[in-house]
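Enquirer: Chain by chain, the residues run as shown.
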Amino acid sequence: MSTTPTRTPTRTASAQPSRRGDAVFAGLARGAGLLIVLALAGVAIFLIVEGAPALGANEEQLYGKESLTLYVWPLLYGTLLAALLAILIAAPLAIGLALVISHYAPRRIARTLGYLVDLLAAVPSVVFGLWGIQVLAPTLFPAYQWLADHLGFLPFFEGPATTGRTIFTAAVVLAVMALPIITAICREVFLQTPRTHEEAALALGATRWEMVRMTVFPYARSGIISGIMLGLGRALGETMAVAMVLSVSGAVTVNLISSQNPSTIAANIALNFGNASGTKVNVLIFSGLVLFVVSFIVNFLGRWVAARGQVKG
Amino acid sequence: MTGTDTLTPTDTGRSSLPLRAPQLPSYAPALAAAICFGLSTLAGLLLGWGPIAIVLLGWVLLVLGLPAWSSAVEGSRKATDRLVTTVAWSVFALAMVPLVSLVYEVISRGHGVLSAQFFTYDMRGVLGEGGGIYHALMGTLIITAMAAIISVPIGVLAAVYLVEYGGKNRLARMITFLVDVMTGIPSIVAGLFAFALFTMIFGPGVRFGIGGAVALSVLMVPTVVRSTEEMLKLVPDELREASYALGVPKWRTIVKVVLPTALGGIATGVTLAIARVAGETAPLLIIVGSTTTLNLNPFDGRMATLPVFIYSSVTTGGKYNLEQLDRAWGAALVLVAIVMLLNLLARGIGALFAPKSGR
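From first to last, the protein sequence lines are chains B and L. Numbers 98 to 410, taken from the numbering used here, label the letters of the first sequence in order. Numbers 7 to 365, taken from the numbering used here, label the letters of the second sequence in order.
Do not rely on the hints blindly, as some may be mistaken.
Just so you have them, the derived chain B footprint on chain L, three or more residues with Cβ under 8 angstroms [stated by the list, open to error]: (1) 100-112; (2) 190-196; (3) 284-296.
Quick partial rundown of chain L residues pointing at chain B, CB under 10 angstroms, derived from the structure [what the hints assert, rightly or not]: (4) L163; (5) A178; (6) D186; (7) L203; (8) S223; (9) P228; (10) W257; (11) A281; (12) V320.
Calculated from the structure, these hints are not laboratory results. Every residue, glycine too, gets a C-beta built ideally from N, C-alpha and C.
Next comes chain L alone, as it looks inside the complex (with noise of 0.2 angstroms):
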């Protein structure tokens, strides 16, 4: 090295280029945002700028200046390396934008709502303020568990078959196509399914809570069936053949050691179908339709839910406009809380259970 190193003042060729090359230090990429974006807020307080306008030309700035500073010192491949960086960076402050925004709404213009009676009352009667959620919050709790209830069998039951079971035969390969397809279903079309299928048991203008829940179970059975599925996968073989050398039966390898080995995993994964269907909205608007009174009886007659009392709030207009909208934020931080919690409780089970992995 020092041989080399001696040599290097006389040595312009290749041998000195890659580790002679200036840098920029670390803290280049920090200091270059903060003087782009301290620069802007100067222009734009001088020139009365919006804040929007402010962090647009920061940005611009900073796209244009920190690769200008990199590729007079370090070249232009690296200057490219620090641009690409730079627009990954900022594509990612602004998909967070949405989320940012929707939360602070959803919470600023929704929490003034909530009150005892806001949870307690239906709207039985109300037409300016008052009333409240009682009676959807009922109707998406009893759906989502009875759609729960419809697919979290039949989900497990296909995803068992798929993999212990089936192997590679046709009905598998079919099934698992199939549930790849289901995934993608549009909502409406599930509620349309549903409508179209108890149109035809029961005559026209069929609405109940358990058409909702057959159709949230179509949405949901593929999420099932995709998560236990996986998780089945991943429960050694060893555990498996372990039990089959002790004599117990096939089914009750199944029952006994993989689907308890396993159940971590599929807990996430049905918490998550859950917290997936509780807020859709389009198949239980068609088969399942909404009503102001409180209506416990899925088997019989429509029946109110947070997502289409949320749709119905904002869509009908009228005098009440205000009241309403008012309680449609209130719903609707409800009803994102009790997805979220859903979500937050499935990575609870999911950190517990689950094999240590990367990312």
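One chain only, chain B, in its complex shape (with noise of 0.2 angstroms):
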């Protein structure tokens, strides 16, 4: 090394010291990159070894119920229930929002509409809780009344309505929250339509629904089904609206506006931890689990139709 300056002073006098700045910095991004990737895996790996001993947990740790099985699956099956209903809520809304947004706003106002939207996916899952039990609860309460008295025959709104605090106010408050995620990526996928197909559309005389239907709808399928599951997986996780919206029993049940309410498995983790010790805190973890699968799964699918399309496009 002391003999090459004589030769080529300037290269390696910059060469040197830069290769070993190249190695560190291009280690310092692989690493943070493996730490994702490991972090990820510890999520998996750390619910896995806190979750097992759940599997001989005892009746009396099982909050009285005989396995673990019975336990969890009310919890899946409200979990399912308020994130499913959420989604048949939002969808058809958020699509709706984001062609106001893409195609029919005016792009001043669309941008304006935009920011609002976006104002909405930050307001804090608390704030909504809170917003659901003191507002939209006995705002509901009237109409959920009125369901069982007049719609009392249909197994969804047999009642008896007692309180607003039902699944369908927690799938309101879902709802609102999954809105704005898919909204979001409804509304990008609508704007990269091909300018051409739509313009060739009006051009053969199509009206502007029928030029969104027949070129932006198409063009968007696989984003909208991508934005849904992503909405869907948000729900799905949703913890602070529904264990502060939804007065629970643990019963599964169909019935949308009793007070006789499935929890979900979110809820149930964030209602019952602080009390929680010894094996409880471990079948609360393995709920978690089953939770962290279920929405990984959702997620894992929305991305996939998403790459799906976007290959296709």
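Assembly of the complex is requested from the two constituent chains, each provided in isolation within its own frame, with the hints serving as guidance.
Expert: Right under this line is the structure:
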């Protein structure tokens, strides 16, 4: 090293330390990437390790249920019911909203509208929960009474409507929370429709709706589906809003407007974790593992559909 | 043109169809809306209905009336178009209802409790009136700041790896995929992860602030990686090549050229990520717990945070329920204000630096 400077002084002077700098920096960057991989693996591993003792839990530790399956199933049912209901409400609204922002509103207004929807996404979930229990539940209560009186023959509206804190209210809150996510993704894919396709449709005399139906929707189909899946993922994992809004009893029922509601996994953890000790903690962590797997699958499917759509694009 | 014009009276064929079809005037939707809602208000006032019923009736009239009018004048295709347009805008209005209601309720119910005492007192020994959120405010600031300190370097470096080093190799693809998956991780699972991790290290029943910061980092890193990655991809290759051509090594190119160019966008993404985790409740409830006194040391003992404070104020119940609810709304107002300010800040940074784009 000491001999080289005489021949090419400038090159070595800058190249030697820089190569070390490069190596260090590349190592740091790669390390950060690996850390992310490790973190996700860690989430799975730690949940499995801490959740495993739940398999040997006795009846008392399972909050009075005979087996772990019997304990987790009603929670899983409640989680899926609330999330699916939320998506049923949110998806059509989100698609319409995205369409307004991307194709119907004048450009300057559209920006503002986009901001407003993003603001909705920024509201913390606990505030949604507070709003849900204090404002939404009392507002919807008369509607539940009406439904129980007039449509009580349907199993969904069997009632009795004694409280506004039903699974339907929880689903509405979840829908409001999932709405911005689905809208954001739909808006992006709607805007990616090739301008030439749209103009071709309009030039052939299509009305605006026909243009949207013939060019925008076919092009955006996979994007819409993946957006809905991601919204579903958010609704599945949402904790606080459900924990605060829902009045739970652990019943497995399709009755949407009674006070006997199945809890959701996430809300159940939040409600019971503070008082849990010993194996009960493991039981709760095990249910968290189930939630993790379910939302992992939903998100995976969402990304997969999106990726497939992109390749086809 | 004039030739065809003179022909048209006799020509009933296709040539006259498109341009000659009658159209509703441009103010037709507004006129129809005014008439429909006017009628429904009149009916509502006469029959003594509530505002919701009036709006609903007006909407039904509009959805039926405007397409019917259009169908009579313009034909069924235009009528469908007008129907869809009406429905789309009503969907938009419907979606704005929760946002408006939420902001209104938070402000109207929350502003009453705000005072100097509210911001400077903690809740030690307070049962009824009085007390404040100083301890929760500090807890939120400390834990969020620590989460940012953990996740911003990791996130930015990982994004640098993805864009500058990884290319399309297997590790990069895997990281991209896992980051996507991590975006959808339920927040309570992140809390359970931190709890399980620190239980293994420190034994059962562990509660401290840094654990919350770790849990929030799990939620924050993917957002930071995503936004940074997008921004780094926007940096033109010419800048990198110019730097290489001057003999600047790759890492200095990244640090001195690429990152500063993308700084605005990265700052926006980081601010949005902070805003997102500042309102997270579930992980903090699990690993940080809650307390009524001020605790400024994130490495020792429970800390209060604003979201958990709101949650426990609502759920505790008991004799002082109303006072607790007042404080919960006040804290919610403060929390929403913090999050909104962070969002506005992010927009500001973004508007200053971001490349111009359409919508």
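Enquirer: For which of the previously enumerated hints does the structure constitute a violation, in increasing order of number?
Expert: none
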